[in-house]
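**Q** From first to last, the protein sequence lines are chains H and L. Using the numbering used here, the first residue of the first sequence is number 1, and each one after it goes up by one. Using the numbering used here, the first residue of the second sequence is number 259, and each one after it goes up by one.
Because the hints were derived from the structure by calculation, they are not lab data. Ideal Cβ positions, reconstructed from N, Cα and C, are used throughout, including at glycine. Check the hints yourself; a few may be wrong.
So the derived list for chain H, only partly shown, Cβ under 8 Å to chain L, looks like this [what the hints assert, rightly or not]: (1) E150; (2) R156; (3) K168; (4) I247.
No farther apart than 30 Å at their CA atoms in a straight line, the calculated lysine-lysine pairs in the DSSO-like style are these [said to hold, decoys possible]: (5) L:K491 - L:K413; (6) L:K443 - L:K413; (7) L:K423 - H:K168; (8) L:K423 - L:K413; (9) L:K413 - H:K168; (10) L:K413 - L:K269.
Covered by chain L, per the in silico footprint, the following chain H stretches (three or more residues, Cβ under 8 Å) [unchecked claim]: (11) 157 to 166; (12) 169 to 180; (13) 248 to 254.
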Amino acid sequence: MRMWNTVVHSWMFIAFFIGFFLFWEYAVIWFDVPRYILTPPSVIVQKGAADLDRLLYYTYVTGLETVLGYVVAIVLALPIGLAIAFSSVLRRTIYPFLVCIEMVPKIAFAPLFISWLGFGLLPKVIIVFLVCFFPIVLNAILAFNSLSEELTRFARSTGAGAWRTFVKIRLPAALPQCFVGFKYAAINATVGAAIAEFIGSDEGLGFYIQIVTGNMRPDLAFAGIFFLTLIGLCLFGVVTLAERLLIPWHISVRRKSH
Amino acid sequence: MPTLIELSGVKKVFGSGPEAVHAFGPVDMTIEDGEFISLLGPSGCGKSTLMLMIAGLLDTTEGAITLAGRRVAGPQTDIGIMFQDNTLVPWRTVRGNIDLQLEMRGIDPAERAADVEELLRSVHLEDFQARYPHELSGGMQQRAAFCQAMVHRPKTMLLDEPLGKLDAMTRENIRSDLQALWMQKRPTVVFVTHSIEEAIQLSSRVAVITPRPGRIERIIDIDLPFPRDFEVKSSAAFIGHVRETQEIFRNYGVI
Ligand SMILES: Nc1ncnc2c1ncn2[C@@H]1O[C@H](COP(=O)(O)OP(=O)(O)OP(=O)(O)O)[C@@H](O)[C@H]1O
Ligand SMILES: [Mg+2]
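Just chain L, with the same shape it has in the complex (with noise of 0.2 Å):
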C-alpha cells in the first residue's frame, strides 16, 4: 500500500525558556492510505497533539509532515477530523450540526440529506435528530459528533478518542459498527485511544507511545482476520498482543 502521511522528525515543544514543556517526538513514521492505525498511549504523551499537528491545525516545531505528498503547512480541509472535546454547537440540532459541516464547506445539506439519514442510522440516532446536544447524554453527543466530522465523506479519518464517553456496552456496539464501515469503505484512520483492547481489537497497526515526551516505543502489526468478532478476541494470538503491549506499559510503571 502507498504511504498517505508521513512523519519525519516532527517534535512539538509548547511554549519556550524555562517553562517549555517538550510534548512530543522527535518521531518518524509512515502511515498507509487505507489503513487503520492507533496511536495508543498514556494521557499527556502528546496523542492529541500530534493528531492535530497532521491535521495542520498546530505546527511542529521540528520535522515535517507530509499528507498524500504534500507538505502540511496549514489546516487539512480534505479530512474529516473527530476532537477530542466534541464541536457540536448548542445553537443547532444535531441534524443542523451535521449540516454545519457541510455549510461550513459550501454544500448544500439538502443535496446530502440522504447521506446524513444514513450516517445517521449508522449510529442509531435517527430518532434524535431534531434534538439539541444539552438533550443527549455524553455518549449520544459523541455519536452526533462523529456524524458530524464524516458527513463530507473524508478519505481520511482523524479521531481523538471518539468511543471515550461511551458505556462499555455501546462502546462495544460502536466498534464493531465502526470495523464494519472501515472493512466497506477502507478509509484511513488514525485511532487515538487509551484502551489497550479497542486498539487491538480494531487496528491494523497500534503505535504504542511513550509517556510524555511522546516517542513511538513499538509499532506493533496485528495480523488478525477481520472482523475481529468475540471469537477472534478470545483467540491466544489476540491475547498475545494485549499482554506484549501491557508489558512495554508495565516497563514504564504506567500500569
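Only chain H is shown next, with the shape it has when bound in the complex (with noise of 0.2 Å):
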C-alpha cells in the first residue's frame, strides 16, 4: 500500500512537471511571445544542445570554483566551530563576530574581491566561500552546544576523559545538526558563484547568461541556468547521499526512506 501511495505520489509529480513544461511550450507558441523575451523549452534544448561544448566548459569552470569554495568553507568551518563550541573566551568573543558578520549580505562583498583579485578563480572561490562558511559555522556551533543535559550526566558518570566523550558521544550527537548547515550551504553555493561572475569574469555559467541575456538570447540564458542547476543538484546529492551514509539513524534520514 505505501509502495502504492509512493508510486501514485511520485506519478502525481511528474504528471505535473511534464505539464509545467507543455504548459510554458503552448503558451509561448499561443500567445505569440518574441523569441527575444521567451523562448518554448524545446527551442532552448535545441540551441543549447548546439552551444554544448561552451556550456560544458562553463559548467566545469563555475562547478570548480562552487566546489572548491565549498569544500575549504567545510575544512575551516568545522574546526572553528568546534573551537568556538568548546571554549567559552572564544565563545564570547569571536562568535557575537561572527553572528554580527552573518547579518551582512556576502554577496555584497563580491566587486571588493573582483577588484582587489581581478577575474581569476580565486575571487569567485572566496566569495562562495563567504557564502557557505557562515551556514556551516553557525550550525556546527549549535551542533556542538546542544547535547542533551542527561547524554552530558551519562557521560560524566562513565569517568570517560574528553576525547573519549567527544569520539563516542558528542560527534555523533552532533552530525544531524551540522548537516542542517551542510545542505543550506550546498543550495547557497552556486548563488554565490553565478553572482561573483556576474560582476566580474571572462568565463563561467554566470559570464555566459549575461552576455547571452545581452545579445537577446533567452534560450541559451535559460540553457545557462540549467547547468547552473544542475551544478547545485549534485553538489546536494553528494551531501544528501553523505548523509545517508553517516546518519542513517536519523530521523530526517529515516522518513525519507520509508
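Combine both chains into one complex, guided by the hints.
**A** Here is the structure:
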C-alpha cells in the first residue's frame, strides 16, 4: 500500500512537471511571445545542444569554483565551530562577531574582491566560501553545544575523558545539526559563484548567462541556468548521500526512506 | 550493616536571588550497604535532584554527602545510574547502547559479551538487541536503559523511576525480576518512584519525601519477607504500610 502511494505520488509530481513544461511550450506559441523575450523549452534544448561545448566547459569552470569554495568552507568552518563551541573565551569574542557578520549580505563583498583580486578563480572561490562558511559554522556551533543534559551526565558518570566522550557521544550527536548547515550551504553555493561571475569574469556560467542575455538570447540563458542548477543539484545530492551514509539513524533520513 | 551513603544537612537551591527555587532539604539520612531504599514522593519534590547529588553530578548547595566513606565531590564512576530520561543514543542499537557504557569506561565489549547477553535475557530483550531505540516501545527502551546502567556490574545502583513507562503487567514482571536480582546479588539500590505499592513491595526501607522543598517526612522499615509475591502483597501488614503512607500524603493534600 505504501509502495503504491509512493508510486502514485511520484507520478503526480512527474505529471505536474511535464504539464508545466507543456504549458510553457504552448503558451509561448499561443500568445506569440517574441523569441528575444522567452523561448519555448524545445528551442532551449535545441539551441543549448548546439552550444554544448561552451556550456560544458563553463559548467566545469563554475563547478570548480563552487566545489572549491564549498569544501574550503567546510574544512575551515568545522574546526572553528568546534573551537568556539568548546571554548568559553571564543564563545564570548569570536562568536558574537560571527553572528554580526552573518547579518551582512556576503554577496555585497563580491565587487570588492573582484577589484582586489581580479577576474580569476580566486575571488569566486572566496565569495562562494563566504556564502557557505557562515551557515556551516553557526550550525556546527549549535550542534556541538546542544548535547542533552541527560547525555552529558551519562558521559560524566562513566568517568570517560574528553576525547572519548567527544568521539563516542558528542560528535555523532552533533552530526544531524551539522548537516543542516551543509545542506543550506550547498543550496546557496551556486548563487555565490553565479553572482561573482556576473560582476567580473571572462568565463563560467554566470558570465555566459550575462553575455547571452545581453545578446537577446533567452534560450541560451535558460540553458546556462539549467547547467547552473545541475551543479547545485549534484552538490546537494552528494551531501544528501553523505548524510544517508553517516547518519542513517537520524529521523530526517529515516522519513525519506519510508 | 555498615553505612554506605551518608547525607548530612544536604540542601539544594537552584538559582539565586528572587528567582531561586528551594528544591530539596535540608536532609540527614544514611543508606546502608546492601539495602533497597525507595525515595517516594510527589512530582517536583526533589527526588531526581537528590539522586544526582548522590551521583556527584549536581553540587549540593549546603551540606555534604559521603559514599563509601569518601566525600562526594565529583562524578562517582563506580555506581550504576538509570536516569529519569533514558540515555540511549539514537545512532546505536540496543546492544551498541549497552556496549557504550563499557566502551566509555575503556572496557572491551567483546570481553563482556556473555554478561551483556545474560542481561538482555533477564529483561527479555534478547531478540531486540540489533534494533535501534526508535524501533522499541517506551517500556522496551526503559529495559534497554536498565541494561545500559547495569552492564559494568556496579555494587550501588541509583534508579530514577525505572518502571515509569511500563504498563501494569510488564511493570509487575520487572518488579519481581528486579527483586530477584537484588536478593541474589544484594547491591545497594536507591529507587525513585511515585508508586506507594511499588515502593513497599520492593524496599527494605521507604523514605517518604514531602512536597517541595523535599524533606524526609518518615522512613518506614518494611519488615516483610522476600520475595514479596502476591501472597505477601495481600497480607494485612503490607496493606497496613500502604495505608500508613497514604495517610502521610493525604495530610499533605497530595492525594
Ligand atoms: N536545573 C534546574 N533549575 C531550576 N530548577 C530546577 C532544576 N532542576 C530541578 N529544578 C526544580 O527542583 C524541583 C525538584 O526537581 P526534581 O526533578 O528533583 O523533582 P522530582 O522529585 O524528581 O520530580 P518528578 O517525580 O516529577 O521527576 C522542581 O521543583 C524543579 O522545578
Ligand atoms: Mg524526577
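**Q** Any hints from earlier that this structure breaks? Give me their numbers in increasing order, please.
**A** Violated: none.
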